[in-house]
Every structure is written in C-alpha cells, then in structure tokens.
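Asks: Letter by letter, the chains look like this.
2 protein chains.
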Amino acid sequence: MTAQNIQDDLSAPDTLELRAKLFRGLSDPSRLTILDALVSDERNVQEIVGHTGLGQPNVSNHLRCLLECGLVSRRSKGRFVRYRLADRRVADLIRNADQLLASTANGVDACQSYTD
Amino acid sequence: MTAQNIQDDLSAPDTLELRAKLFRGLSDPSRLTILDALVSDERNVQEIVGHTGLGQPNVSNHLRCLLECGLVSRRSKGRFVRYRLADRRVADLIRNADQLLASTANGVDACQSYTD
DNA sequence: CTAACGTATCAGTGGATAATGATATGACAG
DNA sequence: CTGTCATATCATTATCCACTGATACGTTAG
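Each protein sequence line maps, in turn, to chains A and B. Take 1043 as the starting number for the first sequence in my numbering and just add one per residue. Take 1043 as the starting number for the second sequence in my numbering and just add one per residue.
None of these hints come from the bench; they were simulated from the model. As the structure is a computational prediction, the values presented were derived from the model and not from experiment. Beta carbons are placed, not taken as given, at the ideal position from N, Cα and C, and that holds for glycine. Hints are not guaranteed to be accurate.
[What the hints assert, rightly or not] Across the chosen pairs, the derived CB separations fall in these ranges:
{"hint": "1", "chain 1": "A", "residue 1": "1118", "chain 2": "B", "residue 2": "1117", "range": "47 to 57 Å"}
{"hint": "2", "chain 1": "A", "residue 1": "1098", "chain 2": "B", "residue 2": "1086", "range": "41 to 51 Å"}
{"hint": "3", "chain 1": "A", "residue 1": "1083", "chain 2": "B", "residue 2": "1121", "range": "47 to 57 Å"}
With the hints as constraints, model all of the structure from the sequences given.
Replies: Structure representation (structure tokens):
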C-alpha cells in the first residue's frame, strides 16, 4: 500500500491496524525512553544502553521494533550502528501527547484497566 | 499528580508511563474503531456495538480503558450512557499519526516485531 | 412490583510480548 | 588469522491483555 493510497482510505481496516501499530510502538516506557534519548542526538546502541539503563538485547529488540515501525532510522558507521528519529513528526507526536496529558492528567492518572 | 506538575516534569519516569499509557489506549484496533465512531457524534454503547461489530462486554471494557485514560468522556442519559471524545486533541493526535504514516508507510507496513 | 432493556463486571482462555542470559554475526585492530 | 568489541538473534519465562459467555446492576416501562 502506498502512502497515497493510505491518504485516500484512512478508515480502512488495514489503516486501523497501521495506526494501532504506530501507537503500539509508542506505548512502551522503554521505547519512549529510547526515543527520548534520540530526540537531541543520533546515538549508537551502547550509548542508548548507557542512557536508558536497559539491557543491550532489550534495546536492540526495541530498536528493531521502532525501526520497522518507521519511528527511527539507522546507518552503519564502522562497527557501530547509529540510530536517530525517522522524522521530526515523531517528536511532535510525543509533544502533542504530553499536551493532551497535561489537560486530562487526572483521568490518565487514574487509568487502571488491565494494569492492576 | 496535577496537570501543572506534569507540565513541570515531562521527563520523569512517571510521565513516561503516563505517555505510554496514553499511547497504549490508542494502540488497539478495536479502540481506534471505537474512537472513529465517536469522532463525529456522541454515542451510547449499543450504537458503538452496532457501529463496530464488537461484542458488548468487549466494547464496555475498551470504553472503560478509554475513559480512564482520559480519551473519552461519558454522561448518563436515562438508561443510556453516552460517550464522546474527551478532547478535540484526541482526534488531532490520530490525524497526526495518519500523516506520519502517510510518509513512513513503507516502513510501518513492514513492521513485524512481535507480530508474526 | 416486575419484566425488559442498557450497561458493567466477572471468570476463563488463548495469544502476544517484554525482559533476560546465552549465543551468533559481523567488523575492526594488531 | 585471532581476539575483541558492537550489535543482533535465540530460547525461555512471566506477564499482560483482548475476547467471550455468563451474570450482576441499575433504570425505565407497564
């Protein structure tokens, strides 16, 4: 499916699943921490491990998810692999969510479903 | 935690989890379908059931999640409970995601992690 | 009061997935 | 080559969670 087709048919079932998948990429605290680490700089995996305190295989796994979801991009540099946000809008999306949270914080704070 | 406190400390661990929880509310196709049903109109549960084809307990459960996450609001009207989007920005967030998808569609289309 | 209806909750089940330790792959240094 | 380092993958485990059918709760109609 091309980008144009998606724009033509934003409510198709496939599009719903793409949407869900995109948000799923953003729905994990570890992945959000990784994205935070990438907002300001391009970083390699070890730097992300150091910045986040997560295990290296865990980080690689999350990076794979983020990469395949189009939220980050990567380029090899010698033995290192440097990751960065795929698009300025990724950071925008997170900022927009934060603004929404700031307004509805009470409600979100009380969100308990499937959590305890 | 108040809205103001959240704005003061957007990178605290708790905030990361709130962010994740918000995105998780948006990360399920069923919930996105429900939100789609609410973009144009306020609806009661049965209408949503009819609109989405989901089971009634399933819809109620998702609505509880969406409600507690602050994405929708509810008001009783006789025996009925009418739901609507909590904020215009909820729809905006979905639109922003769609725009991002339109650009990075190839990558997202190929997103396979933890999916197959 | 009682039946019918709208909604919410409960218990059970299957599938998804985050985290970890071990291991494989690949690249560079010496 | 050979060892070392950076990254990725694998196997395992434990947890989470979406869905379903049964049921409870609450409200309105008759």
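Asks: Each hint should be assessed against the structure and marked as holding or not.
Replies: So, going through the hints one by one against the coordinates:
1. 1118(A) <-> 1117(B): 47 to 57 Å: holds, 55 Å
2. 1098(A) <-> 1086(B): 41 to 51 Å: holds, 50 Å
3. 1083(A) <-> 1121(B): 47 to 57 Å: holds, 56 Å
Checked against the numbered hints above, the structure violates none of them.
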